[in-house]
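Dock chain B against chain A, hints included.
Protein chains: 2
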Amino acid sequence: MGEQIPALDSDFLKKGHEVYLRHVSVDGVIFGFHENELKVLLLKWKNNGPWCLPGGFVRREESLQKAATRILHERTGLHDIFLQQFHTFGEPDREKKKTQINSNMAGSWLMERFVTVGYYALVEYSKVKPAPDMLSDECRWWDIQSVPALVYDHNDILNHALAALRQSLNDHPIGYSLLPEKFTMPELQRLYETILGRPIDRRNFQKKMLGLDILVRLKERKTGGAHKAPYLYRFDKRKYDRALKEGWGLGFV
Amino acid sequence: MGEQIPALDSDFLKKGHEVYLRHVSVDGVIFGFHENELKVLLLKWKNNGPWCLPGGFVRREESLQKAATRILHERTGLHDIFLQQFHTFGEPDREKKKTQINSNMAGSWLMERFVTVGYYALVEYSKVKPAPDMLSDECRWWDIQSVPALVYDHNDILNHALAALRQSLNDHPIGYSLLPEKFTMPELQRLYETILGRPIDRRNFQKKMLGLDILVRLKERKTGGAHKAPYLYRFDKRKYDRALKEGWGLGFV
Numbered sequence: 087m088g089e090q091i092p093a094l095d096s097d098f099l100k101k102g103h104e105v106y107l108r109h110v111s112v113d114g115v116i117f118g119f120h121e122n123e124l125k126v127l128l129l130k131w132k133n134n135g136p137w138c139l140p141g142g143f144v145r146r147e148e149s150l151q152k153a154a155t156r157i158l159h160e161r162t163g164l165h166d167i168f169l170q171q172f173h174t175f176g177e178p179d180r181e182k183k184k185t186q187i188n189s190n191m192a193g194s195w196l197m198e199r200f201v202t203v204g205y206y207a208l209v210e211y212s213k214v215k216p217a218p219d220m221l222s223d224e225c226r227w228w229d230i231q232s233v234p235a236l237v238y239d240h241n242d243i244l245n246h247a248l249a250a251l252r253q254s255l256n257d258h259p260i261g262y263s264l265l266p267e268k269f270t271m272p273e274l275q276r277l278y279e280t281i282l283g284r285p286i287d288r289r290n291f292q293k294k295m296l297g298l299d300i301l302v303r304l305k306e307r308k309t310g311g312a313h314k315a316p317y318l319y320r321f322d323k324r325k326y327d328r329a330l331k332e333g334w335g336l337g338f339v
Numbered sequence: 087m088g089e090q091i092p093a094l095d096s097d098f099l100k101k102g103h104e105v106y107l108r109h110v111s112v113d114g115v116i117f118g119f120h121e122n123e124l125k126v127l128l129l130k131w132k133n134n135g136p137w138c139l140p141g142g143f144v145r146r147e148e149s150l151q152k153a154a155t156r157i158l159h160e161r162t163g164l165h166d167i168f169l170q171q172f173h174t175f176g177e178p179d180r181e182k183k184k185t186q187i188n189s190n191m192a193g194s195w196l197m198e199r200f201v202t203v204g205y206y207a208l209v210e211y212s213k214v215k216p217a218p219d220m221l222s223d224e225c226r227w228w229d230i231q232s233v234p235a236l237v238y239d240h241n242d243i244l245n246h247a248l249a250a251l252r253q254s255l256n257d258h259p260i261g262y263s264l265l266p267e268k269f270t271m272p273e274l275q276r277l278y279e280t281i282l283g284r285p286i287d288r289r290n291f292q293k294k295m296l297g298l299d300i301l302v303r304l305k306e307r308k309t310g311g312a313h314k315a316p317y318l319y320r321f322d323k324r325k326y327d328r329a330l331k332e333g334w335g336l337g338f339v
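So the protein lines, in turn, are chains A and B. For what it's worth, our numbering labels the leading residue of the first sequence as 87, then goes sequentially. For what it's worth, our numbering labels the leading residue of the second sequence as 87, then goes sequentially.
Quick caveat, the hints were computed from the structure, so don't treat them as lab data. Everything numeric in this text was worked out from a predicted model, so none of it was measured. One or more hints might be untrue.
Same chains, same label: a pair holds when it works inside one copy or across any pair of copies.
BS3-like cross-link-like pairs, simulated, lysine-lysine; straight-line CA separation at most 27 Å [to be verified]: (1) 325 - 294; (2) 182 - 101; (3) 268 - 331; (4) 268 - 293; (5) 293 - 331.
One chain only, chain A, in its complex shape (with noise of 0.2 Å):
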């Protein structure tokens, strides 16, 4: 696809800060569940460059959130991008080994140091339709456990991501447009395993989920099992929303 890719040219390299904003970038950690595995979307830059988070720059008059949307849009096909910001990273070494791809970036602002504010989102897997960008050649699903060093801090903002994702797990319901509209308790534990990155012992998952009061156990039974056939559970979409809204915890807020 590197011809349709527009190239770096001096112009954006020299005038580039009269359009977007200096020093203020976002990156997005766009996460995807396909097979049982957690996935995340990562770009790989030219002249066999290093793999990184996707991102890009603020328009002069345009809001963090549309810029976020605007590049995740770019990079996924994807409209309506559910994002969550999670964080802003502004270490003054964070791109400490930032280096010129060619003579045009010497005195560039993009040479100068940017901030970058983080968002995440899960998407649905099949729906992306991956696109490089005009730094990259490069872009793919890469399993969560086997991601490359990536270049500048985007590991530790990828690990940042998927904390905040985890947290969000342990406080609010998951699993809407992530699962099939019914499905069992061990599909559902799966997806917790997966994000989690861990097992979790069955009695206990279920017994907390059951405790949640957001699921709808259905009278008919999933079929085509060796063993004996699994109970199949919806969402009940409106105690759902309002999980989702207003968190469990401790139930103060």
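Only chain B this time, still in chain A's reference frame:
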């Protein structure tokens, strides 16, 4: 204190961007707890300008966290404030009523758009020595219930910080360093009620708190009241610290 505050001089207005990052600021929401009231520290701009949150700029060689720590040290006199970054505010019109305080400001980097990184802290009220900055001539505590209209989007930032503090209350312990070493259950409840801004059922609160297993009931009782002397408690610091780190929620994290 007006004489001691450096003037907003033309050097800072014209050349400040050589020392500080353009387009990036930090704002702090400093909460204090005093006489069963939640307070917030605000500054008043000079020339009878509006009230605002304490904030400032990020030096070119400084991390966001260090900038926030430096700025809030200058306003409170406190060292080692535990600051929690909670959100970055990046609407393009968030400073839409930005006005020139004096003619030196025309064309200054200060008049450009700023994205601001919000930090909150809960501090020991009695230890704070409020001090205005170069743009303000007053700095003092306000009851959270009676905060005036603030400049720009600062009321939004404050409300966002309050929501983040309440959310953290839902999932993490609070009280250590805010309460005396030994305290009663009603004193702990009053702290929660103050932050949540509403009453909590006494039995429900006591049940939840004891269920968290972070309190140690002492043999001695509080004396001096007219009623039956209530039990005294202290925090089990090891369990408290673990809960602070891990939260409770579903206990997955």
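Going through the hints against the structure:
no.	hint	verdict
1	325 - 294	both (15 Å within a copy, 22 Å between copies)
2	182 - 101	both (23 Å within a copy, 25 Å between copies)
3	268 - 331	within (23 Å within a copy, 35 Å between copies)
4	268 - 293	within (19 Å within a copy, 36 Å between copies)
5	293 - 331	both (22 Å within a copy, 24 Å between copies)
In this structure, every one of the numbered hints holds.
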